[in-house]
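Q: Sequence:
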Amino acid sequence: MLLIFSKMVTIALLLAVGVLAYRLGIVSRSGSREISALIVKICCPIMIISNALADESVLTWGTLGTALAVCLGIYLVLICLGHLLPRLMGVPDRERPSYLMLSLFGNVGFIGIPVSLSVLGPASVPYVIVFNVMYNAFFYTYGYRVISKGVGKTIPLKLSAMVNEGTVSCLIALAIYLFRISVPEIVGQTLGYVSSCTTFLSMLVLGVTLATTPLKTVLANPRIYLFSLVRILALPILLALVLGFFFHDPMMVSALVLMSAMPAGNMAVMLASQHGMDTDTLTSGIITSTLLCLLTIPLVAHFFPQ
125 MLLIFSKMVT IALLLAVGVL AYRLGIVSRS GSREISALIV KICCPIMIIS
175 NALADESVLT WGTLGTALAV CLGIYLVLIC LGHLLPRLMG VPDRERPSYL
225 MLSLFGNVGF IGIPVSLSVL GPASVPYVIV FNVMYNAFFY TYGYRVISKG
275 VGKTIPLKLS AMVNEGTVSC LIALAIYLFR ISVPEIVGQT LGYVSSCTTF
325 LSMLVLGVTL ATTPLKTVLA NPRIYLFSLV RILALPILLA LVLGFFFHDP
375 MMVSALVLMS AMPAGNMAVM LASQHGMDTD TLTSGIITST LLCLLTIPLV
425 AHFFPQ
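The numbering used here puts the sequence shown at residues 125 to 430.
Some hints here could point you the wrong way.
If you anchor each label on the Cβ, the simulated ranges turn out as follows [unchecked claim]:
#1 Arg153 x Thr314: 28 to 34 Å
#2 Asp402 x Val201: 24 to 30 Å
#3 Pro308 x Leu353: 43 to 49 Å
Since the hints were made in silico from the structure, they are not lab data.
Cβ coordinates follow ideal geometry from the N, Cα and C atoms, glycine included.
Make the full structure from the sequences, and use the hints.
A: Given below as structure tokens:
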């Protein structure tokens, strides 16, 4: 646990670098958006493929099927949590779609992949990839349904949007694992150089986001604190205990539990904003859970199976 806590301290320091870079005028809001696009479209996909090529872990069809089934189960639990907990907390009806989005769609790519590499190492990557595939499947189907409820009109599904850099890179990486595909060394080295900058750039962008967010307003919602603590602390610990009892693959359980402990992600805000849904609750949940995860992830990791 001490080692993982030190990893999260490192991530916190990288976030601080992002805040400092903004305060000193080195990175602007527009520059942050451009770096974010670079991460999403190039760095993160290449990091997924690069780590799959470098990792010697063996992923069988049986293991892949098990991981997909577990991920599906986790998402069904997240749906139940997103419906039930806001009701118990007395959240107004108009805000409940936002809480459901916060429950379902964690930052399993932008933050999840760099954190999993830092905390669990390259052997976690195949399971993180599977979780990201399931994320995309739910986001571009059920996510649109939730937004439709939030804005009071039907938002047409865009299944074609599932074909993006993240999904394609995940499928390529799974193929690499399943069929042990290799590339020339010079290609692998080039991919590795691009991959190595992803964690820093991701935390840099998040730091700029923190620096440009009115935290006093964002962090003033007590319901968000309670919801976030249940979502990224209590639930992952429960999942770790249950999955650790039924499955005897420590890396698979640890990686999938770690993904369930990720803070809420920006994709929900982007989709909600695009269709005119109020994003105040979503923004508050994202910032709050992102700050809390620096403390909650080491606590969750204490319950990882050995």
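Q: Tell me the numbers of any earlier hints that the structure contravenes, in ascending order.
A: Hint check: nothing fails, all pass.
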